[in-house]
Amino acid sequence: MSLEVVDPGPLTTVQDLGRVGWAHLGVPRAGALDRAAAARANRLVGNGRDAAVLETTVGGVTLRARDATTFAVTGAACDVRCDARAAPYGLPVTVPAGTTIRVGAALTGVRSYVAVRGGIDVDPVLGSRSTDTLAWVGPPRLAVEQVLPVGVPTGPLVPVDAAPVASASRVLVLSRGPRADWVEQLAWQALDGASYVVGADSDRVGLRLQGPDVGRARTGELASEGIVRGAVQLPPSGQPLVFLADHPTTGGYPVIAVASDDGLDACAQWRPGDRVTLRVR
Amino acid sequence: MLVEVPDAVAAASLAAWARRVGLAAEEVVPGAATVLVDGADPSAVREALDAWPGDTAPVGPGEPEEEVRIEVQYDGPDLGLVAAHWGCTEAEVVDRHTSLELVSAFCGFAPGFAYLAGLPEEWAVPRLPSPRPRVPAGSVAVADRWCAVYPTASPGGWRLIGTTTATLWDVGRRPPALLAPGTRVRFVAA
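Going line by line, the protein sequences match chains A and B. For the first sequence, the positions run 489 to 769 when the working numbering is used. For the second sequence, the positions run 333 to 522 when the working numbering is used.
Among these hints, one or two may not hold up.
Claimed, not checked - Listed below are several chain B residues computed to face chain A (Cβ distance under 10 angstroms; list not exhaustive): (1) Ala343; (2) Glu358; (3) Val360; (4) Pro362; (5) Val369; (6) Gly371; (7) Asp373; (8) Ala376; (9) Glu422; (10) Glu424; (11) Pro443; (12) Trp455.
What the hints assert, rightly or not - Pair ranges (Cβ atoms, derived): (13) Leu579(A) x Gly386(B): 55 to 65 angstroms; (14) Gly726(A) x Pro458(B): 22 to 32 angstroms; (15) Gly643(A) x Pro338(B): 47 to 57 angstroms; (16) Gly643(A) x Ala376(B): 53 to 63 angstroms; (17) Gly726(A) x Met333(B): 23 to 33 angstroms; (18) Thr430(B) x Asp750(A): 36 to 46 angstroms; (19) Ser462(B) x Glu672(A): 50 to 60 angstroms; (20) Asp669(A) x Glu422(B): 16 to 26 angstroms.
By construction, these hints were calculated from the structure, which means they are not laboratory data. By construction, the Cβ of each residue, glycine as well, lies at the ideal position given by its N, Cα and C atoms.
Isolated chain B (complex conformation) (with noise of 0.2 angstroms):
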């Protein structure tokens, strides 16, 4: 069953609580403006709707209050293009970054990439042309109104402003990911 809601916060509140309150199903999957509910029995899918308070405020799998810092060091090769984007110097694109209130919506394109919300619609920065071969695990990165972390290498067309050394995805961890949906971030000048 795929559940629309308004945008990618409500996604990831509603699949946060969906998880809170042992919601049974195989898979709870927030998207950008959806919940996938899939291995579950669809009564138990409308009940659970019909007692989800509908609060956007995002619910983490954690302690609600808890915020993930994550220490970049900014040197991405993309840092100038994204400041002639802005219209701002490198030094105001680290400022603007590490202001932002972000939260993890939802995850794809790789285990424990985050599609991280927040940045805020006039600083959008469009993908490359064309994609890079390999982008190091620990690429700091831009695209469309997202902000993310690269979990591992992989290819990748998102602008790299910077990098960490924060290790965003260890199967042996529990959760293996650092940003699971909901989960609030900062980015901090290392």
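The following block holds chain A by itself, in its conformation from the complex (with noise of 0.2 angstroms):
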């Protein structure tokens, strides 16, 4: 069983749960930006949670199946396509061989997630499938004539009529961080319900945040520590950094705080432009 990739769109990477336990070596996490849009994309072809799959950016994908196949895309709405056919988004789809699927440019969002029936079985990296993108640790960005190996079936696959999702929320919440102290009182009042802007260059390493200057009560550097994700940052720009997936290992940046992780999976679909509020626990 296996899978083409015909085009890769501006950056597709194969992701599952990520790679644990090798942080103190310097090696990112990464995983699924969204964990629970992947998560649903396996259950919806019946895979388990720990399936990889695939990661869009923005640009969509496009795939031949070599043998038949089904698979579902969640994450980031777009226009799904077999051949010349619409097929829905957000449900289980079968095809036969030679199919070619599309997953359109996202409508929404910035992060679509397609899961195919067995997993896509590329070689663990220590113990993971996932695509890290700071230090690329895994497998490589999916390339254009790349043969994507699919694993065998693990569970059943259930008949599925709708699978609604909750809209986007455009709230993260924050409880306060190890540095804490090095943010003025006042700063974390104006910080509560205060509102950013997604900054350009955000990406699966981190979300930036534009907006008021958040004033610090000390300065100069902290010596390099470990870092978590969802680990807000505080650079000396005042303007705050979100710890992604692919987030570095250690900093020396003050942690002011942390955002809570269901915020995480939000994160992953925030465009840049986007307006989010931010909530202090």
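Each of the two chains sits in its own frame; use the hints to bring them together as a complex.
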């Protein structure tokens, strides 16, 4: 079983739950940025939650099924076509061998997920099939004419008539982080309810927020320390950065807050220019 | 949970100890003066911390007495600069660098990039004003009070004093990093 890449789009990567347990050697975790969407795609085709899926970035992906296969597209809403025919988004689709599957550009959001029954079965690296885009540990990004092996199904295919999804939140809930004392008390009050714009240079490493400067209570640098997914770092610019799956494992700017886990899935779908509201818990 | 400790060697020691006693955590990441414990039950972490002997002697991931020796060709473009900064000859830079008893304190910047502690305060070296766009893999470098070897080609702002053919990073090897935190390191002239 395999798929052939006809057009990889601007950036399409293989992602699973990520590479856990190697941060102390400087290896980012990686893994699907919108974990709920990736899990939904896997459920729709009867895969386990640890099966690898494809993650697109804004521009979609085109694949050719070399064998009869069942796939599902979730995450950023998009047109799905099998050869010339329209196919449903958010539902399992079974196609015969030779079908060209075209996952269109994102209509809303950023990242669509394509799960194939059996999972993308590229060789794991350090226990994961995820591509990390910071250090490029793991399988390379998809390229034209690449052949992606597909694994053996592990679970039954469950009939699905509809799989509705809640509309995306535009609120990011923060808790105070280990270096919360680097921020002025007044700045904390200002952050709660503050409106920020998603920066154009946001990527799988981090979501950059543009808006009011967050006032520091102290200056200087911090000795390098470990960073978690969701850490909100405050560089000297005063513009916060929310670290996502491909974040560096250590850093020297203070982590003032940590974003809620649910909020990180939403971060994966916010577009540059989107306006978001911060809440401090 | 972020645990504050006195210095980098204590951080490496605590992280190696946590790994050795099998603390259940997704990640245990030493830093320059902290240990991050992620994906663990906070009460289990506190219990483990209470049991930590607090010995700052580094505990390596393998045999404690094991020391990794790295052969270096001292031919780096910044060798003269470091000699000037240390007020000695280039030959003396080699003597000093090979006399250091270093320990891998923590990794970061790139997979397998280990911050090696043990350079005396008075030998601290400033970074380049702006980083080089490409530093070759195997470059042996110093910056601030740290020594390091670039595991892969990358941009970099450290002072380059030599090169090694040692494989610092190999995803097919266990562990993939030659200089995992806690490893004792000595440079030798090739």
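So, going through the hints one by one against the coordinates:
1. Ala343: Since chain A brings a Cβ to about 9 angstroms from Ala343(B), closer than 10 angstroms, the hint holds.
2. Glu358: With a closest approach of 5 angstroms, the Glu358(B) hint holds.
3. Val360: Holds: closest Cβ of chain A sits about 6 angstroms from Val360(B), inside 10 angstroms.
4. Pro362: At 6 angstroms from the nearest chain A Cβ, Pro362(B) passes the 10 angstroms test, so the hint holds.
5. Val369: 9 angstroms, holds
6. Gly371: Hint on Gly371(B): holds, closest Cβ of chain A at ~8 angstroms, below 10 angstroms.
7. Asp373: For Asp373(B), the interface hint is violated, since the closest Cβ of chain A sits about 16 angstroms away, which is over 10 angstroms.
8. Ala376: Violated. Min distance 17 angstroms.
9. Glu422: It is violated, given that the least Cβ distance between Glu422(B) and chain A is near 30 angstroms, above 10 angstroms.
10. Glu424: Violated, because the Cβ-Cβ distance from Glu424(B) to chain A comes to roughly 29 angstroms (cut-off 10 angstroms).
11. Pro443: 5 angstroms, holds
12. Trp455: Constraint on Trp455(B) not satisfied, violated at 18 angstroms.
13. Leu579(A) x Gly386(B): 55 to 65 angstroms: 58 angstroms, holds
14. Gly726(A) x Pro458(B): 22 to 32 angstroms: At 26 angstroms between Cβs, range holds.
15. Gly643(A) x Pro338(B): 47 to 57 angstroms: 51 angstroms, holds
16. Gly643(A) x Ala376(B): 53 to 63 angstroms: For Gly643(A) and Ala376(B) the Cβ distance comes to about 33 angstroms; the hint is violated.
17. Gly726(A) x Met333(B): 23 to 33 angstroms: Since the Cβ atoms of Gly726(A) and Met333(B) sit about 27 angstroms apart, the hinted range of 23 to 33 angstroms holds.
18. Thr430(B) x Asp750(A): 36 to 46 angstroms: The hinted range 36 to 46 angstroms is violated for Thr430(B) and Asp750(A), with Cβ atoms some 53 angstroms apart.
19. Ser462(B) x Glu672(A): 50 to 60 angstroms: 31 angstroms, violated
20. Asp669(A) x Glu422(B): 16 to 26 angstroms: Violated: the Cβ-Cβ distance is about 45 angstroms, outside 16 to 26 angstroms.
This entry does not satisfy hints 7, 8, 9, 10, 12, 16, 18, 19 and 20, going by the numbered hints stated previously.
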